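2 protein chains.
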Amino acid sequence: MFEFKIHHKAKDSLARTGTFKTPHGVIHTPVFMPVGTKGTVKTLSQDDLKKINTEIILANTYHLYLRPGEKIIKKLGGLHKWMAWNRPILTDSGGFQVFSLAQEKGLTKDTKFKTTIKIDENGVEFKSHLDGSRHYFTPEKAMQIQHDLGADIIMAFDECAPANSSKKYFKEAMIRTHNWLIRCKKEHDRLQNTRASAPNPQALFGIIQGGIYKDLREESAKFVNGLNFPGIAIGGLSVGEGKHTMLEMIEKVTPHISKTKPIYLMGVGTPEDLLECVDRGIDMFDCVHPTRMSRHGAFFTEHGRFSIKNNRFKTDKSPLQKNCKCETCKTYSRSYLRHLISENEILGLRLITIHNLHFLLNLMRNIQKEIKENNFTKFKRNFLKKFKSKNEKI
Amino acid sequence: MFEFKIHHKAKDSLARTGTFKTPHGVIHTPVFMPVGTKGTVKTLSQDDLKKINTEIILANTYHLYLRPGEKIIKKLGGLHKWMAWNRPILTDSGGFQVFSLAQEKGLTKDTKFKTTIKIDENGVEFKSHLDGSRHYFTPEKAMQIQHDLGADIIMAFDECAPANSSKKYFKEAMIRTHNWLIRCKKEHDRLQNTRASAPNPQALFGIIQGGIYKDLREESAKFVNGLNFPGIAIGGLSVGEGKHTMLEMIEKVTPHISKTKPIYLMGVGTPEDLLECVDRGIDMFDCVHPTRMSRHGAFFTEHGRFSIKNNRFKTDKSPLQKNCKCETCKTYSRSYLRHLISENEILGLRLITIHNLHFLLNLMRNIQKEIKENNFTKFKRNFLKKFKSKNEKI
Chain B
1 MFEFKIHHKA KDSLARTGTF KTPHGVIHTP VFMPVGTKGT VKTLSQDDLK
51 KINTEIILAN TYHLYLRPGE KIIKKLGGLH KWMAWNRPIL TDSGGFQVFS
101 LAQEKGLTKD TKFKTTIKID ENGVEFKSHL DGSRHYFTPE KAMQIQHDLG
151 ADIIMAFDEC APANSSKKYF KEAMIRTHNW LIRCKKEHDR LQNTRASAPN
201 PQALFGIIQG GIYKDLREES AKFVNGLNFP GIAIGGLSVG EGKHTMLEMI
251 EKVTPHISKT KPIYLMGVGT PEDLLECVDR GIDMFDCVHP TRMSRHGAFF
301 TEHGRFSIKN NRFKTDKSPL QKNCKCETCK TYSRSYLRHL ISENEILGLR
351 LITIHNLHFL LNLMRNIQKE IKENNFTKFK RNFLKKFKSK NEKI
Chain H
395 MFEFKIHHKA KDSLARTGTF KTPHGVIHTP VFMPVGTKGT VKTLSQDDLK
445 KINTEIILAN TYHLYLRPGE KIIKKLGGLH KWMAWNRPIL TDSGGFQVFS
495 LAQEKGLTKD TKFKTTIKID ENGVEFKSHL DGSRHYFTPE KAMQIQHDLG
545 ADIIMAFDEC APANSSKKYF KEAMIRTHNW LIRCKKEHDR LQNTRASAPN
595 PQALFGIIQG GIYKDLREES AKFVNGLNFP GIAIGGLSVG EGKHTMLEMI
645 EKVTPHISKT KPIYLMGVGT PEDLLECVDR GIDMFDCVHP TRMSRHGAFF
695 TEHGRFSIKN NRFKTDKSPL QKNCKCETCK TYSRSYLRHL ISENEILGLR
745 LITIHNLHFL LNLMRNIQKE IKENNFTKFK RNFLKKFKSK NEKI
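The listed protein sequences correspond, in order, to chains B and H. Positions 1 to 394 (my numbering) are the ones given, in order, by the first sequence. Positions 395 to 788 (my numbering) are the ones given, in order, by the second sequence.
Just so you know, the hints here were simulated from the structure itself, not pulled from any lab data. The model shown is predicted, which means the values in this text are computed figures rather than measured ones. All C-beta atoms in this analysis are idealised placements derived from N, C-alpha and C, irrespective of residue type, glycine included. Please note that a few of the clues may not be correct.
Unchecked claim - Only pairs whose alpha carbons sit at most 25 Å apart, straight line, appear in this in silico SDA-like list of lysine to any residue:
{"hint": "1", "chain 1": "B", "residue 1": "LYS325", "chain 2": "H", "residue 2": "ALA478"}
{"hint": "2", "chain 1": "B", "residue 1": "LYS314", "chain 2": "H", "residue 2": "ASP525"}
{"hint": "3", "chain 1": "B", "residue 1": "LYS309", "chain 2": "H", "residue 2": "SER522"}
{"hint": "4", "chain 1": "H", "residue 1": "LYS475", "chain 2": "B", "residue 2": "ARG312"}
{"hint": "5", "chain 1": "B", "residue 1": "LYS42", "chain 2": "H", "residue 2": "THR725"}
{"hint": "6", "chain 1": "B", "residue 1": "LYS74", "chain 2": "H", "residue 2": "LYS444"}
{"hint": "7", "chain 1": "B", "residue 1": "LYS330", "chain 2": "H", "residue 2": "PRO417"}
{"hint": "8", "chain 1": "B", "residue 1": "LYS81", "chain 2": "H", "residue 2": "THR695"}
{"hint": "9", "chain 1": "H", "residue 1": "LYS468", "chain 2": "H", "residue 2": "ASP441"}
{"hint": "10", "chain 1": "B", "residue 1": "LYS330", "chain 2": "H", "residue 2": "THR695"}
{"hint": "11", "chain 1": "H", "residue 1": "LYS708", "chain 2": "B", "residue 2": "ARG312"}
{"hint": "12", "chain 1": "B", "residue 1": "LYS51", "chain 2": "H", "residue 2": "LYS436"}
{"hint": "13", "chain 1": "B", "residue 1": "LYS314", "chain 2": "H", "residue 2": "THR725"}
As the list claims (entries may be wrong) - Derived DEER-like restraints, expressed as beta-carbon distance ranges:
{"hint": "14", "chain 1": "B", "residue 1": "LYS317", "chain 2": "H", "residue 2": "ASP406", "range": "52 to 58 Å"}
{"hint": "15", "chain 1": "B", "residue 1": "LYS330", "chain 2": "H", "residue 2": "VAL420", "range": "22 to 28 Å"}
{"hint": "16", "chain 1": "B", "residue 1": "LYS71", "chain 2": "H", "residue 2": "SER527", "range": "52 to 58 Å"}
{"hint": "17", "chain 1": "H", "residue 1": "LYS784", "chain 2": "B", "residue 2": "ARG292", "range": "38 to 44 Å"}
{"hint": "18", "chain 1": "H", "residue 1": "ASN447", "chain 2": "B", "residue 2": "GLY25", "range": "31 to 37 Å"}
{"hint": "19", "chain 1": "B", "residue 1": "LYS330", "chain 2": "H", "residue 2": "LYS608", "range": "52 to 58 Å"}
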């Protein structure tokens, strides 16, 4: 189980294709994972997801822990059964959301950040964003919740420091993350061995931190790689550090990761980023961007992003994207979709989400194909040239 | 075209089955028409509607006239093509919404009602609920808009007086409706003959008014029946007059309607009403009730209506209704659906709408079957007994 196999490598870049085996099926990499925060990819049914060939989705531990509660999901047979999704699922650790709570309040300075959510070496105390109730997450607790949920891939509990933290604080957070990583692994092994929770084996991925500092990122990469996880994630990027820094950090860590492990870049998912990061050896991605932009009426075409609200689409008979094979494009015109979005009709949100996710998943399939045919670099260049040509400011 | 054929008649009631032929397919009666106010049955795709075997939907002229405008829809090939629905459509005349505007403001006394929306013998001036802009509907205008939209069945422009109007006012409105009816027919014939708009023939239905007065209803039924429409509607009921009065009015009008015409009761659609009205000879129904209740988390079972928000469904593994064949019930548990609705997840609204519409359409198919097997009266009694047994107050 959880075998990662590399099938093709690009000759002129770090891009590669592979397969990752899980109890609920094989994932073809590079892969984009749609985000189903509360156990539902917003606006879509599980059947909609299958129709666009979604291989794996992500769900958020923090949200499911608060509501309905992981014990209820466990009682009902685990996340797969409860949400009627029999393909692979990845759950995050809850860490990112817990640490985001402090940032959302604008308390991003080191000290205040620490005191607002009360971080100590043992874990983090935080208040629910729903009702202000107090909760305490430790690495062990994060493992226990994720075992109750029963996803195929689960994530270590890490500290995600704000992008504008000091280097001193980034280092402190990184060391704490490393210590927690060891505790996560220990608790995960214990739970697996006692078969206390999930009926299927689960793969625990470690997470590299270190902020925007090359030396910290390298140190973290080496440490995490040494713990022999079936997969390794890069956390704390795409949180405001800028594209250039993000790519630089990726370039610093990948050389220190064993070639036999899939690399998962957390929270990244624009078409531009996907191409640049695949180029640098990333195998897995997730991001709320494509689903969120859909609910604002924005859609992808090969010529970039557009807003369906634009007046010129009022009498436009054509589909969102010419020759697109998604249900939305095969059935509905821009004129009708514009009407639905203008009128706040729920169907519009779903139809545009279907198109945008199909667009991204199709991009990933094309990327796989082009890597296989050793044509990725050229494909990337052409795609980006076209994609940037008419991009609207949305 | 527009042939209505009665296939089976119940021996002990006025219930009957039939078929009504339209350019976009045959409708099996008694039929329930889901309401797609703005050219979309709220939360559902056209594919969802087909999967639950929807034979015909209703769309609202008033809303489509205001946005996107019937000229845009005509330009894009008509309502069927624009909304990608190739089965029958019925549009109302816009009258009901225009007259509702005055009622929604609480101005239901005769005089004020008249002055707010400015009714005269020629037509009605009203303000758009969207932007306050002034518009003027006449019988001719209502026909022209509906020809531009191009539905299979279109409705005459009638005056729908408030339920608490005086008898004097009901009579006045009825006479105006009759005069308008003649003008609608004339304009419809003119448009059909010149083929000015819709590419397909359209059936114009007349509407019986007369409020809650037996003599007015009888007078109106005789008048409308005399004009030789392919179908006849009963308007102005189910607007607050009470169940008993509604059924009484139906009983008064049906004897005066030719047996060769389908009878359409406008705005009625609870399971109880459907059964009682089929029993009294009604062939067609529409109502926003099943779609609206879905968006509030209410669902039908054979034991009545329930609210998915109820705490006891939190860990309920069962489907909304045992043995139900809809996609929702075949896939998802009450626990998951309760979570979706509690979390305001859009998917929940759609899944419950699918179930409730499937429930009603399935009820209509069962009604057809039971009439055919001469078992309708018993079926109705048993259904209602069970349905009322556990009904929650929703």
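Those earlier numbered hints the structure runs against, lowest number first: 6, 10, 11, 13
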